[in-house]
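Visitor: Chain by chain, the residues:
2 protein chains.
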Amino acid sequence: MADDPRSRQERKADVLARLTGPVVDAWVATAGDAGPHLVPLTLAWLDERILLATSRTSVTARNLAAGSRARIGLGPTRDVVLVDAALEATIPVAEAEVEGAAYAAQSDWDPRTAGESYVFLALRPDRIQAWREENEIPDRLLMRDGAWLV
Amino acid sequence: MADDPRSRQERKADVLARLTGPVVDAWVATAGDAGPHLVPLTLAWLDERILLATSRTSVTARNLAAGSRARIGLGPTRDVVLVDAALEATIPVAEAEVEGAAYAAQSDWDPRTAGESYVFLALRPDRIQAWREENEIPDRLLMRDGAWLV
Chain D
1 MADDPRSRQE RKADVLARLT GPVVDAWVAT AGDAGPHLVP LTLAWLDERI
51 LLATSRTSVT ARNLAAGSRA RIGLGPTRDV VLVDAALEAT IPVAEAEVEG
101 AAYAAQSDWD PRTAGESYVF LALRPDRIQA WREENEIPDR LLMRDGAWLV
Chain H
1001 MADDPRSRQE RKADVLARLT GPVVDAWVAT AGDAGPHLVP LTLAWLDERI
1051 LLATSRTSVT ARNLAAGSRA RIGLGPTRDV VLVDAALEAT IPVAEAEVEG
1101 AAYAAQSDWD PRTAGESYVF LALRPDRIQA WREENEIPDR LLMRDGAWLV
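Protein sequences, first through last, are from chains D and H.
Residue numbering for the first sequence follows our numbering, beginning at 1 and increasing consecutively.
Residue numbering for the second sequence follows our numbering, beginning at 1001 and increasing consecutively.
Keep in mind that the hints were calculated from the coordinates and are not lab data.
Note that the structure is predicted; figures quoted are calculated from it, not measured.
Where a beta carbon is used, it is the ideal one built from N, C-alpha and C, also for glycine.
Careful: at least some of the hints might be erroneous.
Selected chain D positions facing chain H (Cβ under 10 Å, derived; list incomplete) [unchecked claim]:
{"hint": "1", "residue": "Val23"}
{"hint": "2", "residue": "Pro40"}
{"hint": "3", "residue": "Thr42"}
Taking CB as the label site, the calculated pair distances span [stated by the list, open to error]:
{"hint": "4", "chain 1": "H", "residue 1": "Asp1108", "chain 2": "D", "residue 2": "Glu10", "range": "24 to 32 Å"}
{"hint": "5", "chain 1": "D", "residue 1": "Val23", "chain 2": "H", "residue 2": "Val1059", "range": "26 to 34 Å"}
{"hint": "6", "chain 1": "H", "residue 1": "Glu1133", "chain 2": "D", "residue 2": "Ala89", "range": "28 to 36 Å"}
{"hint": "7", "chain 1": "H", "residue 1": "Ala1017", "chain 2": "D", "residue 2": "Asp145", "range": "37 to 45 Å"}
{"hint": "8", "chain 1": "D", "residue 1": "Asp110", "chain 2": "H", "residue 2": "Asp1025", "range": "29 to 37 Å"}
{"hint": "9", "chain 1": "D", "residue 1": "Asp108", "chain 2": "H", "residue 2": "Ala1089", "range": "39 to 47 Å"}
Generate coordinates for the entire structure from the input sequences, incorporating the hints supplied.
Guide: Spelled out as structure tokens, the structure:
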């Protein structure tokens, strides 16, 4: 039997705990001329932004630079967090002192050692959903238009 | 320290074991006018096809019907399977005797009980990749243009 559904307040706390935990692995979807793209990436959370680190020439970086939004999924199917986000800034690793330190502290690697082709992508979430079982489908929306609902 | 990289033969066997296991949860990315879409769905594997079950009006079903490809991610970041696939058939649950039986046997629910709006989406894989750690990035391609490389 499913647990009682969490309140939106509880879910927001769980989402923030997840986003700020160690080594947060996520599935990152973008879209481009070749259709949908999807890759597993480790993210960090800094100042209400999702930080990704990847090569500037990766499909993900190119799709975002060309205007694609990102849709990011975390967790197993029975404990889902879904974040829709837009690219706010692309920061070469050589210029990413604050971002690099935050990412290295939260993740298990430091993209500043990965070479000049690497960039940090700072994504601004505008929609966040979280649910576990069917009974949490109502109230799954926690952020809309960039504003937390709780 | 990472294990020795698996051969392509081993990876194909691991991928097929994963796709045919019980309750295979996957992240399914598609693209549409609103950009990238991503949802967690349980898949089944029947006759070298991925079967998804969802409402005909879901964004995923509509994107695929409009011609989007699908990119499907399985597993944790350290044991990834990535499948690119195209829609082959959309089968209303009421007409899906074979697909329904296969899906219900492998999954933990029977979409034929979910109402008339539900359909099975049969997706034909044309590209499959699998890797665990960095040392498995070479040889990660297991299927190309719909043909297994091993």
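Visitor: Work down the list of hints and note, for each, if the structure agrees.
Guide: Each hint tested on the structure:
1. With a cut of 10 Å, the hint placing valine 23 (chain D) at the interface with chain H holds, because the nearest CB-to-CB distance is about 8 Å.
2. The criterion of a C-beta within 10 Å of any C-beta in chain H is met by proline 40 (chain D), whose closest approach is roughly 4 Å, and the hint holds.
3. Taking 10 Å as the C-beta cut-off, the interface hint given for threonine 42 (chain D) holds, the closest approach to chain H being about 7 Å.
4. Between aspartate 1108 (chain H) and glutamate 10 (chain D) the Cβ separation comes to about 25 Å, which falls inside the hinted range of 24 to 32 Å.
5. Taken as a hint, the range 26 to 34 Å holds for the pair valine 23 (chain D) and valine 1059 (chain H), whose Cβ atoms sit roughly 30 Å apart.
6. Here the CB-CB span from glutamate 1133 (chain H) to alanine 89 (chain D) is close to 30 Å, well matched to the stated 28 to 36 Å.
7. A beta carbon spacing of about 43 Å between alanine 1017 (chain H) and aspartate 145 (chain D) agrees with the range 37 to 45 Å that was offered as a hint.
8. For the pair aspartate 110 (chain D) and aspartate 1025 (chain H), the beta carbons lie near 31 Å from each other, so the given range of 29 to 37 Å is met.
9. Checked against the given bound of 39 to 47 Å, the beta carbons of aspartate 108 (chain D) and alanine 1089 (chain H), roughly 42 Å apart, stay inside it.
Consistency with the previously given hints is maintained throughout, with no hint failing.
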